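Listed in order, the protein sequences are those of chains A and B.
Oh and the first sequence: position 384 is 384 in the UniProt record's numbering, straight run, nothing missing.
Oh and the second sequence: position 175 is 175 in the UniProt record's numbering, straight run, nothing missing.
Check the hints yourself; a few may be wrong.
What the hints assert, rightly or not - In silico contact screen, one side only, chain B against chain A (beta carbon under 8 Å); selected entries:
#: 1; residue: His56
#: 2; residue: Ala75
#: 3; residue: Pro116
#: 4; residue: Ile120
#: 5; residue: Glu265
#: 6; residue: Val268
#: 7; residue: Glu271
Stated by the list, open to error - Straight-line alpha carbon distances no greater than 30 Å define the calculated DSSO-like cross-link-like pairs of lysine-lysine that follow:
#: 8; chain 1: A; residue 1: Lys2; chain 2: B; residue 2: Lys389
#: 9; chain 1: B; residue 1: Lys298; chain 2: A; residue 2: Lys2
#: 10; chain 1: B; residue 1: Lys389; chain 2: A; residue 2: Lys24
#: 11; chain 1: B; residue 1: Lys40; chain 2: A; residue 2: Lys2
#: 12; chain 1: B; residue 1: Lys40; chain 2: B; residue 2: Lys285
#: 13; chain 1: B; residue 1: Lys285; chain 2: A; residue 2: Lys2
#: 14; chain 1: B; residue 1: Lys298; chain 2: B; residue 2: Lys389
#: 15; chain 1: B; residue 1: Lys20; chain 2: B; residue 2: Lys40
These aren't lab readings, by the way, just hints derived from the structure by calculation.
Every value quoted in this text rests on a predicted model; they were computed, and no experiment measured them.
Heads up, the beta-carbon is just placed ideally off N, CA and C, and yes, glycines get one too.
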Amino acid sequence: MKLSLWTYEGPPHVGAMRVATGMKGVHYVLHAPQGDTYADLLFTMIERRDHRPPVTYTTFQARDLGSDTAELFARACRDAYERYRPEALIVGASCTAELIQDDPGGLAEAIGLPIPVIPLELPSYQRKENFGADETFFQLVRHLAGPAERTDRVSANILGPTGLGFRHRDDIVEVTALLNEIGIDVNVVAPMGAAPSDLTRLAAAHFNVLLYPETGEAAARWLERTHGQPFTKTVPIGVGATRDFIEEAASLAGLPARADETRLRQPWYSASVDSTYLTGKRVFVFGDATHVAAAARIARDEMGFEVAGLGCYNREFARSIRALAKDYGVEAVISDDYLDVEEAIAALQPELILGTQMERHIGKRLGIPCAVISSPVHVQDFPARYSPQAGWEGANVIFDTWVHPLVMGLEEHLLTMFREDFEFHDQAGPSHHGGSAPRPAASPRDISEQAKTGEVIWLADAETELKKVPFFVRGKARRNTEAFAAERGVNEISIDTLYEAKAHYAR
Amino acid sequence: MNVRPGNAPLSGCADTPVLKERGQHEVFCGLTGIIWLHRKMQDAFFLVVGSRTCAHLLQSAAGVMIFAEPRFGTAILEEKDLAGLADAHEELDREVAKLLSRRPDIRQVFLVGSCPSEVIKLDLARAAERLSALHGPRIRVINYSGSGIETTFTQGEDACLAAMVPGLPATEAKELLVVGALPDVVEDQALSLLGQLGIDTVRVLPARHVDETPAIGTHTVYALTQPFLGDTSAALDRRGARRIAAPFPFGEEGTTAWLWAVAQEFGVAREHFDRVTEAPRARAKAAVARRAEQLCGKSVFFFPDSQLEIPLARFLTRECGMTAVEIGTPFLHRDLMAPELALIAPGPRLSEGQDVDLQLDRARADRPDLSVCGLGLANPLEAEGLATKWAIELVFTPVHFYEQAGDLAELFARPLNRRSLLKNHPFFGSGKSSGGSLEEAGGQTAPLKVAT
């Protein structure tokens, strides 16, 4: 048992729903108790879909427990087929149904429906949402993708986009454009937007673009093994990664690499003098492994930040993220416990957090600016406007998104210079967007605590001087000064101590 | 305006046959009740023993509240917990001890059962006893089930309160117990009105703090403020308390009827009652009348959600002039609902339980002006051109008693008002589209609509 409040990922059957909801012509019969339909609203509210997810829940109740539930399941399958006439049915159990040990696969097969019925084994007590999506898509591909003639013109499939994916909708558009510029057609995009009949055509493509390894890797590997389709290893998020991706895709296609970079503004924006103050800003990167790896590269190589720490919540990718962290000379945080992440951020005192909605709130609490780079995300990160992460436009979007809270940070600094002004008092604390959310009372962990331990005391004018330091580096300045004083056996911090410490730690 | 006079036909809907359905239920489970219960009971912690799905549900239902250090959490069962039961109890004890050491302000812990914990027959009642002995008397540990296999949405509150009743201290005093978690502002208004009527020995269940826990005995009379408290009512009856039958305090009429039922029990004179209630009644009537203009003559369809549907249908039909087409409720408690059903004019279908596909077919055939439904159905119905009001808001927003009557009507009027305001509404604006599904596949952009 593990006490949890936030979860980065839902249970695996939600991953299966992401595949079914992203596709057309698939229906999912889920053996589940009343209440599991809550997951519908992730799609209808957060992703703002205009139709119900194609999922039928058996809704068994306490009085059904026993032999009755199996019959309930069979009836739900028959009804779902009659009503929706899908091209294929996927069947499985939610966490509770897994315990009562009906066999959805066997039961559904026994009905003898005239369409493919694909059973899912999703171990709810071991695995999570991303696994559920990856496994479901893999099973669909394995059951449906037969051999096929390669298309005359060079074509590729785009694998991995699902319902409820962070910017999947717009990334598809961007990657399709990148491929078209090289002269590569898109054969099938799947799961998002594909029908089971489209999956039967997968093998007609010359190779696969694995856009999101979290949700498409098992299928890509199977297609490579079974149908000899190689797949791309670079995810085109960031300018460098996009260029590498174009090279990789072109070489898989046997075509010269070509790209139209006229829309790309990120490199110039980043080179322009206004961006100089971004140099060496310490960032902490957390999210799913794919977006973290991409973001770390952008942060260091394209924005000139210092990656102060990184990590991911999906353990499936722990090894690759640990290796990546080594490259950046930092320790990876591999955890699905937000308290671990909060602790790491508090210890590192970065100047910018790149993370999920959880990190957005951690940032708010700690007064550190934050931008969102990965699921899980709230409704505002399924925007109406075009906002990909991938490709050239993705690079433009990322530049704006990351810099925005920092520019706001500078604005706040200017405001604090007018702190004596009646409008700009210190209680109007910072938020991730530089709003005026009142800072929670958590912040004064400062002098009294120190005074109690009898180690270091801040003199009043040093404390006043510290307040002049911009809020987003104030925590670090405080820590450094205290460490500096403690090292030297100084137990009172004066303005001089503060500035001696600053000189000592100057980068 | 077409508002009916206060004296309704005696029978109303009481004899209307109820359509009972089983099938897919598009509803929340009882765990969701934790979201508002923990706000009410300020020194309680709700510990769900369940799966990742349960944690994910609470996260989805709590929205941004989850970032405000709320007093609930889920002990997520892992594979090793499923293997042997003795081990699971040790694990639970450890997690509870850890929790209590981290949150010294907690005085009550609710061990909340879920579908997985019920199916593996984890004995949380015994665990609660054991933990009470271990951490008591300062900390009280109570068990109830909020599982989907046993409870629907607001029934979670019922299960919680019912579990508290056997442990309430005994009293011989004649006291009024007001039962049901209300927002503090509403509760204060109710207590103030009762005080003005001269009824001052009033207790509430649930209380805000463990130290204010009400006592109960054979002289206790109680009034329900929420319609979904059947089990709690039965538990109170078992302790010898007596229920005051009344409609629920929604709208001017419902509030007055509720207060008058209580007032009669305490021998309050009609003149005094009228004097006290006159001003707030007038305020409530005026506030409702302003919104009722938009609602009058419109039809409403209730999908089952919270058991508030019948009282709300009564309010909308009698005070706002709406017509009810179907009133769906997850559970119909005949006894508690009798005063409400008597007030609703015959006509609407009554349904209990749900087969969501069949019910959607009925709604499509009826084409009601307003559908009250859950968030999983709301946007899809809007996309089919049906105006909706999402039901969960009715549970979280202050809607009871006089001062909220106007707000309550406003909640239903706003979606209708909005669609008349939106000039480019995809289904009702001047550029009306086919109403088909939007393309979600990338790379295919919808053609630009030409404004007419």
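Practice item. Would you mind confirming whether the straight-line C-alpha gap from B:Lys389 to A:Lys24 stays at or under 30 Å? Key: holds (28 Å)
Point to revise | Supplied contact hint for B:Glu265, tested at 8 Å Cβ to chain A | key: violated (36 Å)
Review point. Can the restraint linking A:Lys2 and B:Lys389 be considered satisfied, given a maximum Cα separation of 30 Å?
Key: violated (37 Å)
Review point. When you check the alpha-carbon spacing of B:Lys298 and B:Lys389, does it fall within 30 Å?
Key: holds (14 Å)
Review point. Given B:Val268 as an interface hint, is the shortest Cβ-Cβ distance to chain A below 8 Å?
Key: At 43 Å from the nearest chain A Cβ, B:Val268 fails the 8 Å test, so the hint is violated.
Point to revise | Pair hint B:Lys20 and B:Lys40, alpha-carbon separation not exceeding 30 Å | key: Answer violated: B:Lys20 to B:Lys40 is near 34 Å, above 30 Å.
Review point. Is the Cα-Cα distance between B:Lys40 and B:Lys285 30 Å or less?
Key: holds (29 Å)
Review point. Is it true that the CA of B:Lys40 sits at most 30 Å from the CA of A:Lys2?
Key: holds (26 Å)
Review point. Should the interface hint for B:Glu271 be scored as holding, given a Cβ-Cβ cut-off of 8 Å against chain A?
Key: violated (49 Å)
Point to revise | Interface hint status, B:Pro116 versus chain A (Cβ within 8 Å) | key: holds (5 Å)
Point to revise | Hint check: 8 Å Cβ-Cβ cutoff, B:Ile120 to chain A | key: holds (6 Å)
Exercise for review: Would you settle whether the hint for B:His56 is holds or violated, based on the nearest Cβ-Cβ distance to chain A being less than 8 Å?
Suggested key: Status holds, d = 4 Å.
Comparing the model with each earlier hint shows violations of hints 5, 6, 7, 8, 9, 13 and 15; every other hint is respected.
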